[in-house]
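The primary structure of each chain is shown beneath.
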Amino acid sequence: METILKIIRIFKSFLLDIGELSLFAGRFFKEVLKRPFEFKEFIRQCYNMGNRSLLLVAVTGFIIGLVFTLQSRPTLQEFGAVSWMPAMVSISIIREIGPIITALICAGRIGSGIGAELGSMKVTEQIDAMEVSGTNPFKYLVVTRILATTFMLPILVLFGDAIALYGSYLVENTKGNVSFLLYFNKVAEALEFGDLIPATIKSFFFGFAIGLVGCFKGYNCKKGTAGVGLAANSAVVFTSMLLFIIDFIAVFVTDIFYDL
Amino acid sequence: MENFQYNTESIIEIKNLKKSYGENHVLNGFNMNLVEGENLVIMGKSGSGKSVMIKCLIGLEDPDSGTICVMGKDISQLNHDELDELRTEVGFLFQGSALYDSMTVRENLEFPLRRHTKKFGVIKDTTPLVMEALENVGLANTINLMPEELSGGMKRRIALARTLILQPKIILYDEPTTGLDPITAKEIILLMISIQKKYNTSSIIITHDVDCARAISNRMILLVDGINYVEGTFEELITSNDPKIQAFFK
Numbered sequence: 001m002e003t004i005l006k007i008i009r010i011f012k013s014f015l016l017d018i019g020e021l022s023l024f025a026g027r028f029f030k031e032v033l034k035r036p037f038e039f040k041e042f043i044r045q046c047y048n049m050g051n052r053s054l055l056l057v058a059v060t061g062f063i064i065g066l067v068f069t070l071q072s073r074p075t076l077q078e079f080g081a082v083s084w085m086p087a088m089v090s091i092s093i094i095r096e097i098g099p100i101i102t103a104l105i106c107a108g109r110i111g112s113g114i115g116a117e118l119g120s121m122k123v124t125e126q127i128d129a130m131e132v133s134g135t136n137p138f139k140y141l142v143v144t145r146i147l148a149t150t151f152m153l154p155i156l157v158l159f160g161d162a163i164a165l166y167g168s169y170l171v172e173n174t175k176g177n178v179s180f181l182l183y184f185n186k187v188a189e190a191l192e193f194g195d196l197i198p199a200t201i202k203s204f205f206f207g208f209a210i211g212l213v214g215c216f217k218g219y220n221c222k223k224g225t226a227g228v229g230l231a232a233n234s235a236v237v238f239t240s241m242l243l244f245i246i247d248f249i250a251v252f253v254t255d256i257f258y259d260l
Numbered sequence: 001m002e003n004f005q006y007n008t009e010s011i012i013e014i015k016n017l018k019k020s021y022g023e024n025h026v027l028n029g030f031n032m033n034l035v036e037g038e039n040l041v042i043m044g045k046s047g048s049g050k051s052v053m054i055k056c057l058i059g060l061e062d063p064d065s066g067t068i069c070v071m072g073k074d075i076s077q078l079n080h081d082e083l084d085e086l087r088t089e090v091g092f093l094f095q096g097s098a099l100y101d102s103m104t105v106r107e108n109l110e111f112p113l114r115r116h117t118k119k120f121g122v123i124k125d126t127t128p129l130v131m132e133a134l135e136n137v138g139l140a141n142t143i144n145l146m147p148e149e150l151s152g153g154m155k156r157r158i159a160l161a162r163t164l165i166l167q168p169k170i171i172l173y174d175e176p177t178t179g180l181d182p183i184t185a186k187e188i189i190l191l192m193i194s195i196q197k198k199y200n201t202s203s204i205i206i207t208h209d210v211d212c213a214r215a216i217s218n219r220m221i222l223l224v225d226g227i228n229y230v231e232g233t234f235e236e237l238i239t240s241n242d243p244k245i246q247a248f249f250k
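These protein sequence lines are chains A and B, in that order. Counting from 1, one number per residue, gives the positions in the first sequence under the working numbering. Counting from 1, one number per residue, gives the positions in the second sequence under the working numbering.
For reference, chain A alone in the conformation it holds in the complex (with noise of 0.2 angstroms):
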């Protein structure tokens, strides 16, 4: 019985998350429209987020592009379709592995940095600093931090798909003694703009949840030090579980479309 009323607890605290973060999404559309528009600050932290997570994204596409192509290599030659390789791995790559890895490390990077950040300025008063001297630190902190990950994820994504490819060809060039020119045009026979648009768009979904919950879980964090760390924490756990339902809906419309 006491699990059970547990469950409902934390099913319930869970909803009611949600509705707040509805409600702080709200926020954030009817602010971003409104002027001033912070664009220095939009910049700076297109900067932050987008040059400093590129070598992370880098070497986990590099990696993952090198790991996925030994270890499917061995069963592709068992059926004599090694040839397929540039074409399985690009597709796999650009929609799916691509986003969804980069997004998580983002998720990781990114959401735990503005969720510590934004809530070690909220037990200091920086952010009630900023009210009272008459700047609107939603607009200035939030609504800035969401478009530079909205924006930029998309970005890191098509860097970090460009990484893993190159990845994968130098097994592919190791092992099977296939050239660069050779690899890459078996990769562009293989996509078309039906595989990179939407794993594009989705993204931009990504990037966007990424900075909301990173932003709604400091914005609203607890007084304390401890609330820092928790906010941090759970900005990472609360946005990889919405990474992957955005991904099940992005890759369900996507099917629609490709069924039509």
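If you're looking for bench data, these hints aren't it; they were derived computationally from the structure. All the given hints hold, so there is nothing to weed out.
Facing chain A, according to a computed beta carbon distance under 10 angstroms, are these residues of chain B, among others:
#, residue
1, K55
2, L83
3, L86
4, R87
5, V90
6, F94
7, D101
Note that beta-carbon positions come from the ideal geometry of N, C-alpha and C, so glycine has one too.
Fit chain B to the given chain A structure using the hints.
Structure of chain B alone, referenced to chain A:
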């Protein structure tokens, strides 16, 4: 503090202010007024509602009931833009200084300035205003430092400079000397007095520091259980025989 010549015009008037957090009734009908040029000290035990009151006053918390009039405007009737405009006339010095730690001292001071083009116009070069504010607090040489490079006392001074840069008519101090050593605390008190004289500001000072209250107050209010317990000058209160009042000065 030398004798204060009272005029009758209140620039802040709080009537029957009530605020609760669940079952915790923090403010239970607090009343207060502040006249122009006056330094009003509010003392009270921790949890007596001082900080909540000052946050209601600046619009950071919404009261449950009661009215707060600042410079003749009922803040509950103001929209967000009007409240922001009013806030340029009311400075707030936070207990923990609340400097923006991702910005330099210069950027901390420029931050409010660049956003109030209505009051100041579009300022192309903020350096003279920033330097003037920093010179007022004796820290002109810290302009390019980050907050983490400053001591507690310096942070408090920079926060005061950031408050002053908007040229407010009223300054609210939330425990300005808490956490500072006695010498630095005394420096901050002297700085507050000199600023008050220079700019003729009115101030509400929330403090536990008897020395601070003695040095700066024209009038004091003791807050007990969210309500005014007693009001008077420092001398009147310190000579009182009431054990509850005496407890504050021991």
